[in-house]
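Please work from the sequences and hints to get the whole structure.
Chains as they are written, first to last, in the numbering used here: chain V, 1 to 153; chain G, 154 to 921; chain H, 922 to 1210.
Don't read these hints as lab results, they were simulated from the structure. One should not assume that every hint holds.
For lysine-lysine, the following DSBU-like pairs were computed, each having C-alpha atoms within a straight-line distance of at most 35 Å [to be verified]:
| # | chain 1 | residue 1 | chain 2 | residue 2 |
| --- | --- | --- | --- | --- |
| 1 | G | K546 | G | K578 |
| 2 | G | K578 | G | K460 |
| 3 | G | K229 | G | K460 |
| 4 | V | K145 | G | K791 |
| 5 | G | K578 | V | K145 |
| 6 | G | K621 | G | K864 |
| 7 | G | K460 | G | K329 |
| 8 | G | K329 | V | K145 |
| 9 | G | K329 | G | K791 |
Calculated Cβ distances over 12 Å to all of chain V for the following chain G residues [stated by the list, open to error]:
| # | residue |
| --- | --- |
| 10 | D244 |
| 11 | R269 |
| 12 | E349 |
| 13 | V637 |
| 14 | V817 |
| 15 | M818 |
| 16 | P857 |
| 17 | P916 |
Covered stretches of chain H, going by a simulated chain V footprint (3 or more residues, C-beta under 8 Å) [stated by the list, open to error]:
| # | stretch |
| --- | --- |
| 18 | 945-955 |
| 19 | 968-976 |
| 20 | 1024-1030 |
| 21 | 1099-1112 |
Only a predicted model underlies this, so the values are computations on that prediction, with no experimental measurement involved. All residues carry an ideal CB built from backbone N, CA and C; glycine is no exception.
Each chain is listed here by its residues.
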Amino acid sequence: MRRAVSFTVNGRAVELEVEPARPLLDVVRDQLGLLGARRGCETAYCGACTVLVDGLAVRSCTFLAARAAGREITTIEGLERDGALDPLQAAFIEHGALECGYCVPGMILLARSFLTDHPTPSPAEIRRALGSNLCRCTGYLKMIKAVEAVALR
Amino acid sequence: MAEFTTVGRPIPKLDAVDKVTGRHRYPLDAVLPGMLWGKVLRSPYPHARIRRIDTSGAEAMPGVMAVLTWRDLPRKRVGNVIKDQEVLASDVVRYVGDAVAAVAAVDEGVAEAACRAIEVEYEELPAVFEVDEALAPGAPVVHEDLAGYEIRGVTTSATIPFLRPQGGTNICHHFKLRHGDVARGFRESDHVVEDEFSFQMIHHAPLEPHSSLAQVLPSGEVTVWSSVQNVHRIRQWLAEYFDMAQSAVRVIALKLGGGFGGKITLTLEPIVVGLARKAGQPVKIVMTRSETFIATGGRRPGRMTIKTGVSHDGRLLARQVTILWNGGAVSESGPISASLTALIASGPYRIPNVHVDSYLLYTNRVGPRAFRGLGAPQVFWGTESHMDVVARKLGVDPLEFRLRNALEEGDRAPWGERLHGVTLKECLQRAAAEIGWFDRTPGENVGRGLASIWKWTVPGTLSQALVKVHEDGTVAVMTGIADVGTGSATAMAQIAAEELGADVRQVSVVVGDTELTPYDYGSTSSRSTVHGGNAVKEAAQSARRQILERAAAELGLAAERLELRQGQVWRPDRPEEGIPVGRFLQGYVLGFGSFHGGGQGLFDPETGASPRAAHEWKYGATGAMVEVDRETGRVRVKRLASVHDIGFAINPLSVETQIEGAVVMGIGATFLEEVVFDGGQIVNPNFMDYLLPTATDVPDEIAPVVIESRKGDGPYGAKGIGEPPIVGVSPAVANAIDDVVGARIRDLPITPERLARALNPIPERRTA
Amino acid sequence: MRTPDYHDPERLEEAVALLGRYGDEAKAVAGGQSLMVMLRQGLVEPAALIDLGRIAALRGLALDDGVARIGAMTTIRAIDMDPAIRSELPTLAQAAAAVGPMQIRNMGTLGGNASHNALGADPPPALLALDARVVIAGPDGTRDVAIEDFFTGYFETCLRPDELVTEFRIPRPPRASSGTYLKFASRAVDMAIVGIAVLLERGAAGLRRARIAIGGAGAVPFRAKRAEEILRNVAWSDQALGEAGELAAAEASPMSDLHASAEYRRWLVRVLVPRALRAAEAGPEGSGS
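This is how it looks when you write it as structure tokens:
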């Protein structure tokens, strides 16, 4: 039984008919056409589907669509401000913190959420935070450096 | 004045901004209007005869547009080397996950429900799962018709033409290396050490699952978008399977979300083509994560015994190795792996007597696939761990022991090939220095371990490229290599920019489309930089020559006196006046380049002798520093040095990231990862129970060290880097653990429990 | 997979009534972290989902009158980051911080976590060490149970299908007390293979009373009472701590699974209980091992 749900996505107000128990990931990809949130597993362990809900990193594959009501959803496509890259996005590029790039949107949003909660993290805390998502290509070290660089600014 | 303008510079990937903004598209994202979704029905049994398939329940379901079984497909087998696999099983299923039927429907949910409605009657057959079982006399035979299976010739893949599968057994392939006289060598030895090691299956686990989308037009044109590392060979195999002209088949791989060797084989492509034909609409299948584990195997597991004879003064005199590879039910790249790993089982050392038997065995488990290193990491796990065991027995420092026996420039390998560019000693010494080999403090609770690295690139493969220079001086590179995430596309752009004197930001790269990009064997075996790079370099040079020749003709000057820089032609008599190339071009200039790697993979079937077994050999060394919690068995890797002679780093930033990524994959293989089987069932086909390393599992420090010998066969003396770093991690770590706690672990992964059991009186595990 | 009915009541009574109406066939959704995974994998096929997200009565975090009251829908993150919980209930704060991935801490709830009672979950042993009481709402009103009676078996609690946890009540430990949570897992994001929660109360003459609760080493988290007993009113020494470890190990009834054998879990209890005790003694530090 679908229902109308109103929320904002990347600063834009939307109203959609959704299956309330459908994962937000499917809504974001299939109904909103935002493909930066990715599908990597079925057991909610990879984090490639990470989006921000009211600024907090959330796995959109386990987030019920109905719960988006009244919330502010941010996907990777919404991280830029007036055409300028978020410092984390720029840092990932500068530090070479990406290979195939599949996990990168999730990682950047995860880091963004983390830095909001912990603006002056230790290197160990950064490692622990990034440890929430999987990457198979880079070995994580450059990502850690990129987040450190942004945190130090 | 710098030697180069563009190559050798650590520039960020050209598509980095697309990736960090989520705009980058993967094969998994491909959609077509009217597209249907497909699902595959897979066998729940490891070995069974199919008595009956009843698809009526699925066909009657609303929303189902096509159901596929073996009856809808050519009666042929497919395979990379030996054609030992059916696309959909007609008679016998040989592993849990073997494809039996497929459905195309309006959405995934309906397709899945339809699969469940297909009734298959199986008659279970006895099965074999382990190498010992497969070899036992009277064992159930996985492939009864093995003797009649077709084997691909040497021109279509770098293969071993003498492959002689032993019909009536589970022996798919047996490679022999015979050099000198091991019996005499052991007699002459002062010490003989025997060892046994095992190595587990680990999965590629690329973040992007496998997917394929097929469109079949009534004219017969077929287009497939697939997550594959080698579009041209996939196209060739697909056309061959369906008896179609290659000109009618197009395979496109947008840049992949990781491959690591798991995406070089026909997997979903024939199924989606079959479904699309039947349904009259495009069909797409995306594997679930658990399906990627169950239907596509990881690296080849197995066991090895190794016996080494040494003189009292630490010289290697004899080595005998037997490797038993668990090849699952589908051999895939197994014969190539089993052969080339037999060669390196002597290690990169001077040993006068070497005897290796490498057996590839069939079992009723999912067929393993080519995995970063193609078996070298598994074999070096054994041989490089064993080197330390021997060194300790002799009381010789493990570094000194390796240096004393290391191969040197111009040496002959045990199979007769003369080796060049041998920089092993330098790599070992550097790795040792990086982990403070000579800076030990008494009482410090730190272990240090080393491992040599030796890795081939498959011989006799081809890469071609086109380089276009447009009228405005900007450049497009068309290369058949797939960009699986390694940064190869950016490296190609740098090479083209270097040769054309262009700004690299004005170079675009087109990859992975059989219609647009010339032939490439594929992004495997660490070959892209060398083969793809050489092809691009030649193509760019050709384009440059053509431009300067036209300019010369028009300007009335000799072409050798003209320069090409920043999209302009420069003449020596007017150094401030660059002339835009458009002045000399109508349309664009097209340069073509081609590179065929040397070596042919031809081996003597009895001795393994070969004048050139690989296109190129790469040398390196790993050094590990560890701390061990003796009670819990938890190991902390403080520092991991990965030293490689890469000839020349086209992009040092990319090289560093490749090394780090491969090292962390090696850390996963060492401590965390294992595809666990219960008989024929995979117990952990998901990321909850299959433990990939996370950011908290990486070493405190990774030191990627690059030696640029300029001795590679690639552009500017480059060699490849994709695989070597993973080869030395497990043995270096095990050697470091032994160094500090005196415990030798011979099985992987080295979980805390495994190590804790070696160090503490923990009761045996009772089978729960 | 049929689509379940979806309800998101605003009132607790409505939620209870809905659960009663569907009987075994409905699943309550708290953080959704465990449930959604099971749904996707087809491990559960409920007729209905009762989303608790809008029920105000399940929220709230307050420390007063000597009791910490934590609403069932309080997120793990909120517990981890609350300054009062960090200083007053470090055992619980550290257990919350130890819960795997950040996204799970952001969405997961204490009530959901406890109700799921997964093997190796981090909050349950902390709740046990802190002598929490669990307030449960059902069709006949509310009841409250001791945490020891709440966890009844492997992935089982005393909750009936038509009941919900509404709140946890944790007595504030006395002034001079300290606590810690020590987790041993394959990776930081995983469930604990063994998780040890400790609360130390200091009495007169510097002697201590310890409460030691262990997760991962039995079908349910348990208090290692004999280990606690041996430490009561004795001077701490390496030997005493070692004995406590051995006793705790003997009290465990661990199971083997893919990630660790029963014997290794028992061994870990033995070697990690002393470490957890020392860490609690030293003051709130990291929770990893």
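What hints, given by number in increasing order, does this structure fail? 3, 8, 9, 13, 14, 15, 16
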